[in-house]
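Turn these sequences into a full structure, and let the hints steer you where they fit.
Protein chains in written order, with numbering that gives the first Met the number 0: chain A, 0 to 266; chain B, 0 to 243.
There may be inaccurate statements among the hints.
What the hints assert, rightly or not - Under 7 angstroms between C-beta atoms, here's a sample of chain A residues computed to sit facing chain B:
1. G45
2. F46
3. D189
4. P201
What the hints assert, rightly or not - Partial list, derived from the structure: chain B residues whose beta carbon lies under 8 angstroms from chain A:
5. L33
6. G53
7. T174
8. F176
9. G223
10. A228
Just so you know, the hints here were simulated from the structure itself, not pulled from any lab data.
Where is the CB? At the ideal position from N, CA and C, for every residue including glycine.
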Amino acid sequence: MERLHSLWQTLLATSVDVLPIAAVLLTFQLLVLRRRIANLPQVLMGFLFVLIGLTFFLEGLEKALFPLGKLMAQQLTDPDFIAPPDHLGSPTWQHYSWVYLFAFAIGFATTIAEPSLLAVAMKARQVSGGSIQPWGLRVAVALGVAIGITLGVFRIVTGTPLHYYIIAGYVVVLTQTWFAPRSIIALAYDSGGVTTSTVTVPLVAALGLGLASHIPGRNPMLDGFGLIAFASLFPIMTVLGYAQLGEFSRHRLERLPQEDNPDESDP
Amino acid sequence: MNTLLGQMATSLLDSLRDLTPIFLVIGVFQLLVLRQPLPDVLNLAWGMLLVLLGLSLFVQGLKLGLFPIGESLALSFAAKGSVTWLFLFAFALGFGTTVAEPALIAIADETARVAATGGWIEDKEVVRRDYANGLRYTVALSVGFAVMLGVLRILRGWPLQNLIILGYLGVVIMTVFAPKEIVGIAYDSGGVTTSTITVPLVTALGVGLASCIEGRNPMTDGFGLIALASLTPMIFVMAYGTLM
Numbered sequence: 000m001e002r003l004h005s006l007w008q009t010l011l012a013t014s015v016d017v018l019p020i021a022a023v024l025l026t027f028q029l030l031v032l033r034r035r036i037a038n039l040p041q042v043l044m045g046f047l048f049v050l051i052g053l054t055f056f057l058e059g060l061e062k063a064l065f066p067l068g069k070l071m072a073q074q075l076t077d078p079d080f081i082a083p084p085d086h087l088g089s090p091t092w093q094h095y096s097w098v099y100l101f102a103f104a105i106g107f108a109t110t111i112a113e114p115s116l117l118a119v120a121m122k123a124r125q126v127s128g129g130s131i132q133p134w135g136l137r138v139a140v141a142l143g144v145a146i147g148i149t150l151g152v153f154r155i156v157t158g159t160p161l162h163y164y165i166i167a168g169y170v171v172v173l174t175q176t177w178f179a180p181r182s183i184i185a186l187a188y189d190s191g192g193v194t195t196s197t198v199t200v201p202l203v204a205a206l207g208l209g210l211a212s213h214i215p216g217r218n219p220m221l222d223g224f225g226l227i228a229f230a231s232l233f234p235i236m237t238v239l240g241y242a243q244l245g246e247f248s249r250h251r252l253e254r255l256p257q258e259d260n261p262d263e264s265d266p
Numbered sequence: 000m001n002t003l004l005g006q007m008a009t010s011l012l013d014s015l016r017d018l019t020p021i022f023l024v025i026g027v028f029q030l031l032v033l034r035q036p037l038p039d040v041l042n043l044a045w046g047m048l049l050v051l052l053g054l055s056l057f058v059q060g061l062k063l064g065l066f067p068i069g070e071s072l073a074l075s076f077a078a079k080g081s082v083t084w085l086f087l088f089a090f091a092l093g094f095g096t097t098v099a100e101p102a103l104i105a106i107a108d109e110t111a112r113v114a115a116t117g118g119w120i121e122d123k124e125v126v127r128r129d130y131a132n133g134l135r136y137t138v139a140l141s142v143g144f145a146v147m148l149g150v151l152r153i154l155r156g157w158p159l160q161n162l163i164i165l166g167y168l169g170v171v172i173m174t175v176f177a178p179k180e181i182v183g184i185a186y187d188s189g190g191v192t193t194s195t196i197t198v199p200l201v202t203a204l205g206v207g208l209a210s211c212i213e214g215r216n217p218m219t220d221g222f223g224l225i226a227l228a229s230l231t232p233m234i235f236v237m238a239y240g241t242l243m
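Below is the structure:
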């Protein structure tokens, strides 16, 4: 009964959340293009599904994904778990190896199965003329997310400022952009945003906030955020790197005698 | 009705595939590494069931209702030739899709809770709700702006990396001025915005537009809208934090 009541509350809040998108689409369809909506019953049914689905999802987040992320963070940073009982003094960053491993595993696992990544990977093969294989791209992106989240967790553990890492990351991305084949750049930049899926985001955010509230000396407001930023930045690097590798090996196969700019020799 | 049920089943399987790796990783860590029982298993299982059902229904609903309208609208506006309407539509599409993004709703609420606990804002239901909504609308505004900018880029044929470099500069400059407490949230909001609803609709607009304009390659010019949409929220949210 309590569960139903809480679901009902979420449904009411969600209806308000979904109104703007419905309003935007209807306004443009009916007032600007002045066209009737094809297949109206199906569209209405779709909106109903969106509403109910979003309600269930948000309620499930509150009941499962957020608590789970925080619980894992709490258990992994438990003083009894990370340090042997005879250990004296407070733990340093070397003691959190299971946290890093968990971050890497959760980053890799959630990304490799991501459906929207599969679609991007197919398009990448077309753009690159076969030098980028879907499976290779998926591994590249998943590795990028895994490394990103691991580094992000390391940052939370050490409490170093987030913007140093992100700005350093920007410099690396820009340097890589300079050398990467032109056709892949937009796709690589997009892959950063695409990878952080609806399920990954809340779980990873909860992990970060949980870590920041359980590691001594950390403040959730200052240190808890940033994991998602890492997870969207690092895939750009790995995808650009992967594209360069593909380009490089293709050139070596073709045995080009002159050392010219790779994108100029593109067909 | 049969096809609908079939689609529902496929969508459910897709969501299950999306969630299985997460269950596996958490399961392995709970059983082998932590060796601690999960408290409140019943509520966790109920929540997971809701996530699974909710995600499937949501995606199915998008395919039935939102995507067909959104895509046909995006294509009509791309082909219509009126630049003013195209910009207006681009902005509205970015704004509307982001406001309804599930991950953003969840993160905004959670951020408000953290801010309230940390004493950054008053710990009252109304204040928290206002803060979460303010954050959401700021992000939505910035995505609307980004999609508009991306459309302008496609029309003009500007190289994407120039805009990205400008954006990175903007982020760095804003970081200097913004209060420390907002930086992490701002950086995260870039990645949060672009998931279930925004990506397919915005990509449809970009690719549709690039294929309507002569001399543009839909593969290289059509992409890049998402990249801009993950960059501008950082700048806008930091501005919001500075002004508040």
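Hint-by-hint comparison with the structure:
This hint holds: G45(A) has a C-beta 2 angstroms from the nearest C-beta of chain B, less than the 7 angstroms allowed. This hint holds: F46(A) has a C-beta 5 angstroms from the nearest C-beta of chain B, less than the 7 angstroms allowed. A hinted interface residue such as D189(A) counts as satisfied when its beta carbon comes closer than 7 angstroms to some beta carbon of chain B; here the least separation is about 4 angstroms, so the hint holds. Checking P201(A) against chain B by beta carbon gives a least distance of about 5 angstroms; that is within 7 angstroms, so the hint holds.
For L33(B), the interface hint holds, the least distance from its beta-carbon to any beta-carbon of chain A being 5 angstroms, beneath 8 angstroms. Given the 8 angstroms rule on beta carbons, the hint for G53(B) holds: about 3 angstroms separates it from the nearest Cβ of chain A. A hinted interface residue such as T174(B) counts as satisfied when its beta carbon comes closer than 8 angstroms to some beta carbon of chain A; here the least separation is about 5 angstroms, so the hint holds. Of the supplied interface hints, the one on F176(B) is violated, with its beta-carbon coming no nearer than about 12 angstroms to a beta-carbon of chain A, more than 8 angstroms.
Interface restraint check for G223(B): the shortest CB-CB distance to chain A comes to about 4 angstroms, inside 8 angstroms, so the restraint holds. With 8 angstroms as the threshold, the beta carbon of A228(B) comes within range of chain A, its nearest partner Cβ sitting at about 7 angstroms, so the hint holds.
Violated hint: 8 only; the structure is consistent with all others.
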